[in-house]
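Using the supplied hints, reconstruct the complex from the two chains, each of which is provided in its own coordinate frame.
Respectively, the protein sequence lines represent chains A and B.
Residue 100 in the numbering used here sits at position 75 of the first sequence, and the numbers go up by one each step.
Residue 189 in the numbering used here sits at position 120 of the second sequence, and the numbers go up by one each step.
To be clear, the hints were calculated from the coordinates, so they are not data collected in a lab.
Heads up, the beta-carbon is just placed ideally off N, CA and C, and yes, glycines get one too.
Take these hints with a grain of salt, some might be off.
As the list claims (entries may be wrong) - Facing chain A, from chain B, some residues (calculated, C-beta under 7 Å): (1) N119; (2) P177; (3) D180; (4) W182; (5) Q184.
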Amino acid sequence: DIHMTQSPSSLSTYVGDRVTITCRASENIGRHLNWYQQRPGQAPKLLIYGASSLQIGVPSRFSGSGFGTEFTLIIASLRPEDSATYYCQQSYGALTWTFGQGTKVEVK
Amino acid sequence: EVQLVESGGGLVQPGWSLRLPCTASAFSFSNYWMTWVRQAPGKGLEWVANIKQDSSEKYYADSVKGRFTISRDNAVNSLYLQMNSLRAEDTAVYYCARIFYYENGVYPAIDYWGQGVLVTVSS
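Same shape as in the complex, but just chain B (with noise of 0.2 Å):
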């Protein structure tokens, strides 16, 4: 069964930097694109960051763009997000996922998702 499971979350100060990985398991990691996915307490979710299989692509939301960088190593199956200059905007939780694409590649959709780990901004 895929699983994702992402670690490295707790409690940072503003301005601090915090680096989550995912580990991934059960399916060929390095053949995918994968993403991050966050969602800050009581509220919607909020896609954060996009990387190809090969890391030669990277996407990134406007609020992360500049100060979180995406990051991946298929030698041991991880997914990574380095969080700088962290603000309390950026508390939520912050989901690992897999992006397949359907029908012959043309339609993209997160199939499978971790858990989540909850990142903390404050002072």
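Bound-form chain A, shown alone (with noise of 0.2 Å):
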């Protein structure tokens, strides 16, 4: 199975700030890497597929890239809502998926 590693586990900023997610494969899964934000008492939503294209709707300070087994979250400036934890998720081969353990995003 493929294992995902994301760091930090957690993260505490204030708003502006620049945000850095990383999601580690172990090993090669192309692009196919999906990033979703769930806020506390909500379903998980889409943010990015494919490693680097944003669902429509999400706004575009939201922004991933990677490729193989190293992909990044970015969110280029963080706004009070941002609060939430976000998860890295593979989809690649087979149809068995995994997802990262998460990382909490606490806005100061």
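Encoded structure:
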């Protein structure tokens, strides 16, 4: 099975700051990497698919990059409503998927 | 607006069975792969199972293989998760969700989620 590792597991920073979250896959997954945001008490929401494509309706301050085993989610200028947990997910091969363990973002 | 509504959750004892239905609306259900994802209390997301449009392909996480069965009935726009031999570690909110294939079918991702249903396994 493909294992996904996110870092950091949590972070706390200020409105307007740039936030970078990293996701590493245990093997090459090409661009089969998605990012989700989950606010407390809500279902997850798709932010990025195919490693770097922004889902319709998602603010442009969110961006994704990477290929193979190393991926990054960037929030260019943090807003209060970005307080949430962010998950990467691989969707490569045989349709057996895995999520990263999540990164909790707190906006001070 | 696309809607996915799960039901059937509740408190069950270890070893018991439970079936979760999910009713879909406002999209052509029979045209989409579907999935179940769960989240234990205070924990992260865990993928459970996927099913193809015509039920010809099904995939499971190792943690549920042999105990859980995903199925669908396209005639009534419904997805199901049959859970047998339940364990305490199966306690979670279970989400029914739709899979969309982006970029001409190359990149699958979960584009719509239900609100989830809580299953508690405890004696």
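Verification of the hints:
no.: 1; hint: N119; result: 5 Å, holds
no.: 2; hint: P177; result: 5 Å, holds
no.: 3; hint: D180; result: 5 Å, holds
no.: 4; hint: W182; result: 4 Å, holds
no.: 5; hint: Q184; result: 6 Å, holds
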